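Peer 1: Using the hints, put the two standalone chains together into the complex.
From first to last, the protein sequence lines are chains A and B. The first sequence begins at 1 in this note's numbering and counts up by one. The second sequence begins at 1001 in this note's numbering and counts up by one.
Read the hints as simulated data drawn from the structure, not as lab findings. Each hint should be verified, as a subset may be incorrect.
Simulated coverage check for chain A against chain B, where a stretch passes if three residues somewhere in it have a Cβ under 8 Å from a Cβ of chain B [unchecked claim]:
1) 38-50
2) 145-152
3) 287-296
Which chain B residues face chain A? A few, computed with CB under 8 Å, are given here [as the list claims (entries may be wrong)]:
4) F1041
5) E1056
6) I1066
Quick caveat: nothing in here was measured; it's all calculated off a predicted structure. All C-beta atoms in this analysis are idealised placements derived from N, C-alpha and C, irrespective of residue type, glycine included.
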Amino acid sequence: MSQVQHEILPKPSHDEAARQEFVQSFKVYLANRVSPGNRQTYDDRVLPAFREKHGRDPANRYEVRKAMARDRYYQFWSSLQRTSQEMMWDSVSHSVDRQLDELIEKARRVNQGKPLGSLKLDPGMELPRYHAAVDIHCQPGGYHTELKEDDVAAGAIYDRAVYIYTMGRAGPLNSDMGDSAVNWVRNQYPDFKPETILDMGCTVGHSTLPWVDAYSEAEVYGIDVAAPVLRYAHARAEALGKRVHFFQQNAEKTNFEDESFDLIVSQILLHETSAKAIRNIVRECHRLLKPGGLMVHLETPPYAAMEDPFDEFIMDWDTYNNNEPFWGPSHDIDYHDLAAEAGFDRDKVLPTLAPSALADAKGRTGKFQCGDFAGAGEWFLFTARK
Amino acid sequence: MLVSMLMAVAGELAVTRDRLDTLERLIEKHGVLDRDEIESFAPDEDVQAQREVWREEYLERILRIIHHELQSRESGESDEGYERFVEEVTRS
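Only chain B is shown next, with the shape it has when bound in the complex (with noise of 0.2 Å):
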């Protein structure tokens, strides 16, 4: 199942990458870009600081699962309190 579902998100990266490349060759033969100067771009320290923001947001998202775990724990949820509940709206 998850060998599935890795190969079905590897497939759709595959998709974007082939948009972005039309994208490029597009904008290359438009004269605007210098598809090699993609290649060479060497990002600043802001740029790269704003990068790693991005990242970190996004491993955030991707991550999101494990932290709500603790998170619930610590709000003091469990599966047994959720059972719990359930008897006490079925009785009240």
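Just chain A, same shape as in the assembly (with noise of 0.2 Å):
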């Protein structure tokens, strides 16, 4: 299975394209292969040394890590998969800044035809400082930077490394995320049919086409704070087919009026956020549904979920070694609590687990940990209604 070579995705070489493909191998090999040995070494040298020295178990996350940091095989899976994700970036950005001048004019004569969405930037807004002052995941420049007009380096970058970094399990498309919320929402709420969606953090629209597919009689809306991604999944909609209104706005303080949406979504953005933002954004979804409305927040499980501080500690990788900040401190959130404080009936609240739409994919290992996208084949779902 390939990713879908829609009109305004970069086109590799030969070698940028072999390139790429080693660079997914590696990151197979590495989820399969070398980050269950993880666990082992922690069994069977790390854990009873840690007893020795202090006549108990770790009691969190933080004590593993401390204790696997000295540890040489968790340092060498750990500095390959750093290397991975360097390589993934790399691999994929020299490609696209080869034709970074064709991808810009394809995007710009998106909107001299007829364009069945559209884009509204705002080049005065301010970047939060929890997605401006590390670069997301890695990716050089983060979503925002702009080095031409009119730049949609960001997006191009981010269309194809996702595709390497979910190692093609979020499908030909990139859209396990979004496929995998809406299963949801159909089953739980069959008779459920949205007027008006809104996607918070939408990047490229990988999640936010899925909606457009589930309710086609729906005005879709995604917004995002940075500008070339946003340019990116608006030549990337219409190259679809798909009728996307996207806007740059934050998700924590939208122009939208009181009241303007039957389903708000978020596809991994609240992790990318900050424990005051996070407020602000469920807050705000409180002011933006309509009553009765229902919004739905995509995420990995919280470490509650986890079986022994040594599974959220492998979880907790990327906040330390991915510039993921917030990655941790996210996973710990009490739900209910973040719901009630922003308006919404602590009775109408559901965080539950949700079936990857594509959990039977090549390749899973069944395993939360790091590095292994979905390879549980489940994903964290935060409901509530309003």
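Peer 2: Now the structure itself:
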């Protein structure tokens, strides 16, 4: 199964493709053959040494991290994992740079025809610090950096790299997160027919388009803080024949009127924000939802669902090693409290696990572990009705 | 030391690359191949699957050593155990 080569997706040359394929194989290999050894080395070597020294088991993931940091197997895996991430961005960004002018031109042409959807940027928008202070998951320049007029590089790089990062397990359109959330909503609320849908933190629209397909009568809106990914998202949606209205807006405080939406979704957004921002976002969801409206935020499962501090520790690798500073803290959140603070009724809050739409995809390890995209074949959903 | 090794490997890869380039140019000169065909070559599902298998075996060979470490421990090998064996063969 290959990524769908839509019109705006960068086309790799022979060697660029080979380089990218190698990184993907490298990541698959690490997830399947090397990462599981961390558990073994913990059980066999690190845990017994900890017990001998302290007379007890590690109390939390921080103690596991301190103990594992000195283990050479873990050090080696960690180094390989980080290297695979840097190689991934490198293999894609050179390919995008080579054809950037052409991609920018293609994205511009979209608006010269009769686009199905629309794009509205806000050049004066201030980027939130949690977004701009670090390059999220080590993507050089993050989602927001612009080096050329009408730049789309960040979006083009992201589109291709996500396919490599997920090792193809998000499907040919990188849509598994959106597809999985759609499936859950349809099963849970078969009679729910939203007329207006908002996708917060949509980046290039991987998870936005499944909502267009699921509810073809609805008007679908996507917002993000970064202009280059939105330009690309617009061009991509048009190339795939989907009607979406993209806006450059901050999900913490949007310009939409009260009670504008029947359904508000986000996919892997919350962990990229901050403790304060996540509260603002959920409060904003409450303001924007119509009475009876539904919000669905997709993430990986909170650490409370993990079996022991080791699993928490290994899931937490990205917090310290992949520029995901809010990854760990966001996995400690009590979602009932968070929603209640924002105005939702506690009994209308439902945190739940939902199967991945591609749960049977080739090569699943059945594990929640770092660098093993949806390895367990399940997603966590934070949902609430207003 | 590691940098020196890496640069040596990078150098050898450049040598292989030049050799491949020579090969392509000669084949093209003899009219057997149009080199643009290589750039536009789209591997089918079978070829992709075969390449994936090859890359996995390739990574297996390169990363052999980290599996070796866990396997050694699984089979009860250790530095102390080896030293005890040295003592044992010294005595008997």
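Peer 1: Are three or more residues of the region 145-152 of chain A within 8 Å, CB to CB, of chain B?
Peer 2: violated (count 0)
Peer 1: Check whether three or more residues of the region 38-50 of chain A sit with their beta carbon closer than 8 Å to a beta carbon of chain B.
Peer 2: Satisfied; 4 residues make the cut.
Peer 1: Please count how many residues of the region 287-296 of chain A have a CB within 8 Å of a CB from chain B and say whether that reaches 3.
Peer 2: That given contact is violated, which follows from only 0 residues of the region 287-296 of chain A lying within Cβ reach (below 8 Å) of chain B.
Peer 1: Under 8 Å, Cβ to Cβ, is where B:F1041 needs to be relative to chain A, so tell me if that hint holds or is violated.
Peer 2: holds, 6 Å
Peer 1: Does B:E1056 meet its interface restraint, that is, does its C-beta lie within less than 8 Å of any C-beta in chain A?
Peer 2: With a minimum Cβ separation of about 6 Å from chain A (threshold 8 Å), the hint on B:E1056 holds.
Peer 1: Could you check if B:I1066 really has its C-beta closer than 8 Å to a C-beta on chain A?
Peer 2: Because about 6 Å separates B:I1066 from the closest Cβ in chain A, which is inside the 8 Å limit, the hint holds.
In summary, the structure is inconsistent with hints 2 and 3 from the numbered list given earlier, while agreeing with the others.
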